[in-house]
Amino acid sequence: MTLPPDVPYDIAVIGAGVVGCAVFRDFSLSGLRVVLLERGADILSGASKANSALLHTGFDAVPGSLESRLMQEGAARYRRIHQGMGLPLLPTGAVVVAWNAADEAALPGILERGHANGVHDVRPMGADELRAREPHLAPEARGGVWVPGESVIDAWSAPLGYALQGIAAGGRVLRRAGVRGGTRDEAGTWRLDTEVGPVAARLVVNCAGNQGDIVEAIARPSPFEIRPRKGQFVVLDKTAYRLATAIILPVPNERTKGVVISRTAFGNLLVGPTAEEQPDRERAATDTAALESLLAQGRRMIPAIAQETVTTAYAGLRPATQFKDYQIEALPKEGWISIGGIRSTGLTAALGIAAHARRLYEAHFATLPAFEEPEGPVMPNLTEELPRPWQEDHREEIICHCEMVTRREIAAAFDGPLPAGDLGGLKRRSRCMMGRCQGFYCFRRVMEIAAPHLPDLVSPLGGAR
Amino acid sequence: MATTVIIGAGPAGLTAARTLIAGGVTDVTILERNPEAGGLPRFCGHLGWGFFDYHRIWSGPAYARRLVADARGATLRTNVSVTSLGPGGVLEISTPQGRETLTPRAVLLAAGIRETTRAARLIGGTRPWGVVSTGAFQEMVYAGGQMPFRRPVVLGTELVSFSALLTARHAGIRPVAMIEEAARITARRLGDLFARHILGVPVLTRTKLVSIEGTSRVDGVIVEENGMQRRIDCDGVIVTGRFAPEAALLRGGPLALDPATGGPQIDSFYRTSDPAIFAAGNVLRPVEHSGQAAAEGAAAATAMLRDLAGTLPAPADAIPVTPAGALRYVYPQRVFRDAGAITLYARASQACRGTLRLKAEGRTLVERRIDALPERRITLTIPEGALKKICRVELELA
Ligand SMILES: Cc1cc2nc3c(=O)[nH]c(=O)nc-3n(C[C@H](O)[C@H](O)[C@H](O)COP(=O)(O)OP(=O)(O)OC[C@H]3O[C@@H](n4cnc5c(N)ncnc54)[C@H](O)[C@@H]3O)c2cc1C
Ligand SMILES: Cc1cc2nc3c(=O)[nH]c(=O)nc-3n(C[C@H](O)[C@H](O)[C@H](O)COP(=O)(O)OP(=O)(O)OC[C@H]3O[C@@H](n4cnc5c(N)ncnc54)[C@H](O)[C@@H]3O)c2cc1C
Numbered sequence: 068m069t070l071p072p073d074v075p076y077d078i079a080v081i082g083a084g085v086v087g088c089a090v091f092r093d094f095s096l097s098g099l100r101v102v103l104l105e106r107g108a109d110i111l112s113g114a115s116k117a118n119s120a121l122l123h124t125g126f127d128a129v130p131g132s133l134e135s136r137l138m139q140e141g142a143a144r145y146r147r148i149h150q151g152m153g154l155p156l157l158p159t160g161a162v163v164v165a166w167n168a169a170d171e172a173a174l175p176g177i178l179e180r181g182h183a184n185g186v187h188d189v190r191p192m193g194a195d196e197l198r199a200r201e202p203h204l205a206p207e208a209r210g211g212v213w214v215p216g217e218s219v220i221d222a223w224s225a226p227l228g229y230a231l232q233g234i235a236a237g238g239r240v241l242r243r244a245g246v247r248g249g250t251r252d253e254a255g256t257w258r259l260d261t262e263v264g265p266v267a268a269r270l271v272v273n274c275a276g277n278q279g280d281i282v283e284a285i286a287r288p289s290p291f292e293i294r295p296r297k298g299q300f301v302v303l304d305k306t307a308y309r310l311a312t313a314i315i316l317p318v319p320n321e322r323t324k325g326v327v328i329s330r331t332a333f334g335n336l337l338v339g340p341t342a343e344e345q346p347d348r349e350r351a352a353t354d355t356a357a358l359e360s361l362l363a364q365g366r367r368m369i370p371a372i373a374q375e376t377v378t379t380a381y382a383g384l385r386p387a388t389q390f391k392d393y394q395i396e397a398l399p400k401e402g403w404i405s406i407g408g409i410r411s412t413g414l415t416a417a418l419g420i421a422a423h424a425r426r427l428y429e430a431h432f433a434t435l436p437a438f439e440e441p442e443g444p445v446m447p448n449l450t451e452e453l454p455r456p457w458q459e460d461h462r463e464e465i466i467c468h469c470e471m472v473t474r475r476e477i478a479a480a481f482d483g484p485l486p487a488g489d490l491g492g493l494k495r496r497s498r499c500m501m502g503r504c505q506g507f508y509c510f511r512r513v514m515e516i517a518a519p520h521l522p523d524l525v526s527p528l529g530g531a532r
Numbered sequence: 005m006a007t008t009v010i011i012g013a014g015p016a017g018l019t020a021a022r023t024l025i026a027g028g029v030t031d032v033t034i035l036e037r038n039p040e041a042g043g044l045p046r047f048c049g050h051l052g053w054g055f056f057d058y059h060r061i062w063s064g065p066a067y068a069r070r071l072v073a074d075a076r077g078a079t080l081r082t083n084v085s086v087t088s089l090g091p092g093g094v095l096e097i098s099t100p101q102g103r104e105t106l107t108p109r110a111v112l113l114a115a116g117i118r119e120t121t122r123a124a125r126l127i128g129g130t131r132p133w134g135v136v137s138t139g140a141f142q143e144m145v146y147a148g149g150q151m152p153f154r155r156p157v158v159l160g161t162e163l164v165s166f167s168a169l170l171t172a173r174h175a176g177i178r179p180v181a182m183i184e185e186a187a188r189i190t191a192r193r194l195g196d197l198f199a200r201h202i203l204g205v206p207v208l209t210r211t212k213l214v215s216i217e218g219t220s221r222v223d224g225v226i227v228e229e230n231g232m233q234r235r236i237d238c239d240g241v242i243v244t245g246r247f248a249p250e251a252a253l254l255r256g257g258p259l260a261l262d263p264a265t266g267g268p269q270i271d272s273f274y275r276t277s278d279p280a281i282f283a284a285g286n287v288l289r290p291v292e293h294s295g296q297a298a299a300e301g302a303a304a305a306t307a308m309l310r311d312l313a314g315t316l317p318a319p320a321d322a323i324p325v326t327p328a329g330a331l332r333y334v335y336p337q338r339v340f341r342d343a344g345a346i347t348l349y350a351r352a353s354q355a356c357r358g359t360l361r362l363k364a365e366g367r368t369l370v371e372r373r374i375d376a377l378p379e380r381r382i383t384l385t386i387p388e389g390a391l392k393k394i395c396r397v398e399l400e401l402a
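For the record, the sequence lines run as chains A and B.
The numbering used here puts the first sequence at residues 68 to 532.
The numbering used here puts the second sequence at residues 5 to 402.
Isolated chain B (complex conformation) (with noise of 0.2 angstroms):
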């Protein structure tokens, strides 16, 4: 019976595997639904993954293989659906051969991430042929060698937005435009003026997708700009980003969720409410980059360690965090009083300028200046000690 068992091989999950080997544990099992392991970057074929861990440039195949490979050692068992996480982590699994119960002594939860559909953002119109993710578009493109259109909208502009004009160029078409509600695009500055210039699309802010349109397939969509509607022809949607947790696993389980994460709360050694459950990566919360997602897979796999070893501190001795203010979020979700220093780390709910407090009891105990942006991530280290005696804290953004 397996001693660890991590769900989800993508670079939270692998980079745990490979921590986990190298501090000894002979017996880490990864489960793997795809046929083959790497996770997301696996189909994501432009420059941009292996810097925070590995300190160079990959293309998301070349940072995938290269976990899978980090992470020998380990039994990878791919084709391998978890389809139920029990109390004390208890899993059933779907193999080729036949269903499994596994109980190992502690799971983590690397389930990893997907985006907001269409029909999750309501957007209204008929259902053509030709509305995809940009998930789905960059596995059709880079690893099926296919395109569903050639005059996609692409529809908002976070950082991955930008991924899917690259995976557009590199497909050899143009997207006609991009559409933003919001007033600026939410990635960083810099998105736009290489989206107009560098790609030629145009960048429609203020404005909203009000529906789409076509029979079989998407002839166009119609836009509203200032209470003003008007079509734009296309033939395509690519529906980008609003991430949330692929959280088919938690929900209705036995884990607490946190409603603003969409994930499974933890505490700051990346423990559920379920002591023999760990969670790290995406999974945790609307996207990060690899690098975070493998960093916290690494610091997950460094408590469960721990945990074997038996000198974890006990849960309850945990106190809440709450974000408040202009924080849409924050995680760990609870903290220890003395068990070093810890990080938060959080997002804002939209771009904004403020000062970042810790408070607890009436007090603030770390403040900060900070410009925050919904994709920035904001961090705060608590020192060591700062917790004496309290009993709760909040990270406010005011």
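Pulled out of the complex, with its shape left as it was, chain A reads as follows (with noise of 0.2 angstroms):
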């Protein structure tokens, strides 16, 4: 499966969240050889799975931190590549609601950080105009300040499809493939232990997410300590998809951003998220009690959402630190880049990051050629903005109804260079079984489909599994 140890890549990447995605593209398209590992069975078994899937203008970013300046590259880049992509960008806008004169008060600073971060068309909007603009708010709503720039996109397929174009560039994506510790040679080659056996590469880039202390301990003591913070999240049916056009944000506290109402790509609302830290790095469990406040803060904002019925609910772990800004290293003598402590900016800034990862490495490992963006692949379109294959003549069968999902659809997730690894990845690959139902109409025929690609899913009646 790996290359005999003894020709190293120039890369391993370790983690394919949405930063390990990202980095692997750019320097596999920079024409390195590079491969990202990746422990989880699919790509995205961290935080990218779960977060509020917002393109971030960095309004709200601490002026000069570098997570400003990479969020801002990351969108802008994002920006430039998502069409020829095929990836969604749903021009929302953003309001940050004043609920009460404390709020209102927050106002003007939250404003003038937005200029200071570069970010010049937010502005401030008066109740009146937030009334028409969003006609489901709550009466005690103030007026805000509206920020056109904030988007939503699809949180799943970006960082898929910056893996196949990484992929596409010769780069390789191993699975299953944890990296459980490694050492360097005299020559500096890192021989990485892997799950799937050793692997061997001339830098190792440390994309490990939520691990990303623990990873960073194969090179030194680890400078950040990972503090995770989780994110809880309630999604509404479609039905509440009309609820509101732009991005609620409430005025942010010190600790978070606060609970936000947004739209999804895919045509749901989404009420989140919680911020709780906990010591847990891999339990992003759900419980009742705080999705039960979610939704009673959800229908403060937003009165009508008690009349509608939730689809899912899920969580997230923020990476987060004991600082406040990314921990982004290289390290010249330890053939090492630590990117850590991503917290809750990173689908925004990851091109940013790997941008930022290549002028690292220019700055202390080598030259690379200029950079060219690629043509394609063009990812599956699986919002209700553009046609969805069950509108086209001569469709296949529809196999989920609450989603309206194709038998091609759901077999095709099991094609190409980076096959669904795990249910989860069919499901954000199809959208299959994520919609009202759950898999009440679809599971049996989903099953039929993916038990082939998928074993341990399901066993033959009598026989044991």
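Think of the hints as simulated: they come from the structure by calculation, not from any bench.
A couple of the hints might just be wrong.
Stated by the list, open to error - Partial pick of chain A residues on the chain B-facing surface, computed with a CB cut under 10 angstroms:
1. 301
2. 461
3. 481
4. 527
What the hints assert, rightly or not - With beta-carbon atoms standing in for the labels, derived distance ranges:
5. A/258 / B/102: 54 to 62 angstroms
6. A/522 / B/237: 20 to 28 angstroms
7. A/458 / B/402: 50 to 58 angstroms
8. A/290 / B/174: 58 to 66 angstroms
9. A/483 / B/40: 51 to 59 angstroms
10. B/173 / A/309: 40 to 48 angstroms
11. A/373 / B/232: 31 to 39 angstroms
12. B/50 / A/483: 39 to 47 angstroms
13. B/237 / A/288: 37 to 45 angstroms
14. B/105 / A/390: 56 to 64 angstroms
15. A/183 / B/105: 49 to 57 angstroms
Stated by the list, open to error - Just so you have them, the derived chain B footprint on chain A, three or more residues with Cβ under 8 angstroms:
16. 179 to 192
17. 196 to 209
18. 378 to 385
19. 513 to 521
Glycine residues also receive a C-beta, built at the ideal position from the N, C-alpha and C atoms.
Dock chain to chain to rebuild the complex, using the hints, since each chain is given by itself in its own frame.
Structure representation (structure tokens):
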């Protein structure tokens, strides 16, 4: 499976979250021989599978921070390439809503910070304009700050597309390939001990998300410590989509940006996240009380949410550290680049982080050829903004009726160089079973297509599993 | 262009088609999004079907085949999804060939029902593989010959929960427990004994499912009993019951809904707030057995025949009926004063004993002592002529 250990890769990227996928892409497209090592059965096994899916402007970042810069660069790169890759961008805009006098008092500061971050189109929005734009908001809304550039994207198709571009440029993705340790020989080559055998590389890029400090310890005592911060979400039925057009943001406090209401690229309405510190790096669990509280907060902002039903709920763990800013550093002596603590803005910043990693490589390791964005691949459209396969003439049989997913789309998730590695991967690639019935109507037929590719899901009657 | 279009080829839709054809309508089209007609019974292999409408006891698939055979004469279009139900009964449909718009004279909505998901119940925990509804489990076992687990817990104690136990038995597996938050099971008492003694499955009442645990596959659940939490090892969860009408076509559409049933409001002729659109079967309210759904399909079709003949009373003449006291819902939500005797159907929110009263303008028109269970249908017939000069009625259980 892997190259013989004596033929080292130029770069081994550890962790196929959105950051690792973007870094893998950019280095592969730069002509290097790159391997992406992911311990999960599929890419996006960590923070990147469960976020709010917002492409931020960075209006509320800490001015001058690395995070602020890389978010802007990342968002700008996404805007340049998304159309060519068939990736969605819902230009919803966002409004920071003031609900009381204290919120109102905070608005000028928010405006100022936006300008300091170079986001010059943020502006105040009066109560009347806000009401006209968002008629479902509760009457207590006193106006706010309008941020036209905030947008919604598909948080799964984007990193998958990045990984596919890296593969098309000659990179390799190894899954179920957790890195357990590694040593460096006299020639400076890393020999990583992975679950699929040794992998040799001249440079390692640590993009291990919530395992970032543990992986960092392979190279040095980690200067940052991961402190996971959980965020829970409730996804409302598609009928709730109409209740908000812009992203509804609260006035943030010290610890969190607060509970947000936003559309999803797939036509639902999302309420969340919470912000809960927890020691566990793996277990992203929801709990009834938090979900009820999210719904209550949602109803306070948009009363009509009370009539809507919940399609699903999920939780993600932000890879936060003791520091506010990203922890990105090149270690020329160790042959290592650390990319850690990409806690709550990594989807936006990923392509900016990848460009930054290229710059660090050039500064500390070697020059790279001029970077050119590739053409394609064009990702399957999963959003309701653009035509979907079920809407075409001579469509195939619809298997998932809630999300209108055809047989071919489910089968296609198992095709190509990066087929779905687990059920979550299948759902993220096709949306089957992601709708309001969560498989009541389509479970058997999805399994008939998926089971040959994903053993262990089901077993024949009478047989032992 | 079809005169009448039926959405959904389950017991309600197929029985309505048979009734329309028997009534002389030559142009009846049934639209079904699945590759085969028959609705939910297709995948329920155990006995318990056909009793009320055919006076026989069949398996679900046998019953479905009979319903389909008896609807011959209708044009059955499978693999066709209705994607929008517009005012006046204008339908957008997706067919294997392409999209079409249909403008029939009358539409019957018979889109059925589904169970409430784990997510909609806000059950916490992780999201491992092995959490399924009864409907999905049955289809997997009876039609797919596969099963996703060997030692699941069953959440809920409705009739359908016992159907899940029977299916488990057919699959040769034994659930580790049945979990019920209330003090007693939802279904009739016998179910309890049946689960414990015939199937050997412990029934845990006053027990709440707190969370589902596991990374890739379910490895346990956390339950709470008397304020104490404990873990039950298992490899799956069957989330049963708490049915909700398949309202995808309704929400955000032109029809007035009843928040209590989750379905469209109808008058005593099964007519929704749009006079071109009728509705019958489980789409009207949380679950009834197939016999009731079929009977409603027939009754709705009879009303549609009268509608085609122009002899239905004008919708505006109907007066509203509302539930009160311990009643969760009542339907039809509107009735006519001078259109013969009318049967009201209702359900109680929980097990209780009391007096069922039909009240109007401070007077009690009909009353009766009843013993109500959440799964027991409550019926009350309004005698002909009882509603003269009345503008609204209330059905109360107190
Ligand atoms: C609740 C929430 C809401 C958010 N909302 C937004 C938003 O709206 N917009 C936005 O831009 N960002 C958002 N984010 C932030 C964004 O999701 C993260 O910044 C981003 O996903 C971090 O990506 P990553 O690649 O660094 O980490 P991860 O996605 O966690 O990737 C790390 C990967 O490394 C793998 N791994 C770990 N250890 C090893 C090992 N030893 N060997 C091999 N592989 C290993 C893991 O399995 C994982 O797949 C949100 C985050 C959360 C949790
Ligand atoms: C697990 C389980 C066990 C049960 N066991 C029994 C039993 O033993 N005995 C009994 O009598 N009853 C039983 N029932 C109840 C029985 O299934 C229902 O009473 C009956 O199926 C209701 O009939 P219906 O026609 O209203 O709906 P359904 O049978 O649900 O039929 C609705 C049809 O409409 C189609 N449809 C929906 N939306 C669209 C659309 N947009 N476009 C096209 N087509 C659409 C669906 O695909 C479906 O085929 C059980 C139910 C369940 C879930």
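Hint by hint, here is what the structure shows:
1. With its C-beta approaching chain B no nearer than about 8 angstroms, residue 301 of chain A sits inside the 10 angstroms limit, and its interface hint holds.
2. Because the closest C-beta pair between residue 461 of chain A and chain B is about 6 angstroms apart, less than 10 angstroms, the hint holds.
3. Annotation: residue 481 of chain A was flagged as interfacial toward chain B, and the flag is violated, the nearest CB pair being 17 angstroms apart, outside 10 angstroms.
4. Because the beta carbon of residue 527 of chain A sits about 6 angstroms from the nearest beta carbon in chain B, less than 10 angstroms, this interface hint is met.
5. Between residue 258 of chain A and residue 102 of chain B the C-beta distance comes to about 57 angstroms, which sits within the given range of 54 to 62 angstroms.
6. In this structure the hint that residue 522 of chain A and residue 237 of chain B lie 20 to 28 angstroms apart at CB holds, the actual value being about 23 angstroms.
7. Evaluation of the 50 to 58 angstroms hint for residue 458 of chain A and residue 402 of chain B yields a pass: the beta carbon distance comes to about 52 angstroms.
8. Hint check: residue 290 of chain A to residue 174 of chain B, Cβ distance near 59 angstroms, so the stated range 58 to 66 angstroms holds.
9. Here the CB-CB span from residue 483 of chain A to residue 40 of chain B is close to 32 angstroms, at odds with the stated 51 to 59 angstroms.
10. The given range of 40 to 48 angstroms is respected by residue 173 of chain B and residue 309 of chain A, whose C-beta atoms sit roughly 45 angstroms from each other.
11. Between residue 373 of chain A and residue 232 of chain B the beta carbon distance is about 33 angstroms. The supplied range of 31 to 39 angstroms therefore holds.
12. Distance hint for residue 50 of chain B and residue 483 of chain A: a CB-CB separation of about 42 angstroms, consistent with the stated range 39 to 47 angstroms.
13. The given range of 37 to 45 angstroms is respected by residue 237 of chain B and residue 288 of chain A, whose C-beta atoms sit roughly 40 angstroms from each other.
14. Taking the beta carbon of each, residue 105 of chain B and residue 390 of chain A are about 58 angstroms apart, inside 56 to 64 angstroms as hinted.
15. A hinted range of 49 to 57 angstroms holds for the C-beta pair residue 183 of chain A and residue 105 of chain B, which are about 53 angstroms apart.
16. Coverage of a stretch by a chain is defined here by at least three residues with a beta carbon nearer than 8 angstroms to that chain's beta carbons; for the region 179 to 192 of chain A and chain B the count is 0, and the condition is violated.
17. Proximity of the region 196 to 209 of chain A to chain B, defined as three or more residues with a beta carbon under 8 angstroms from a beta carbon of that chain, is not established by the 0 residues found.
18. Counting residues of the region 378 to 385 of chain A whose C-beta sits closer than 8 angstroms to any C-beta of chain B gives 4, which meets the bar of three, so the coverage hint holds.
19. Counting residues of the region 513 to 521 of chain A whose C-beta sits closer than 8 angstroms to any C-beta of chain B gives 3, which meets the bar of three, so the coverage hint holds.
In summary, the numbered hints that this structure violates are 3, 9, 16, 17.
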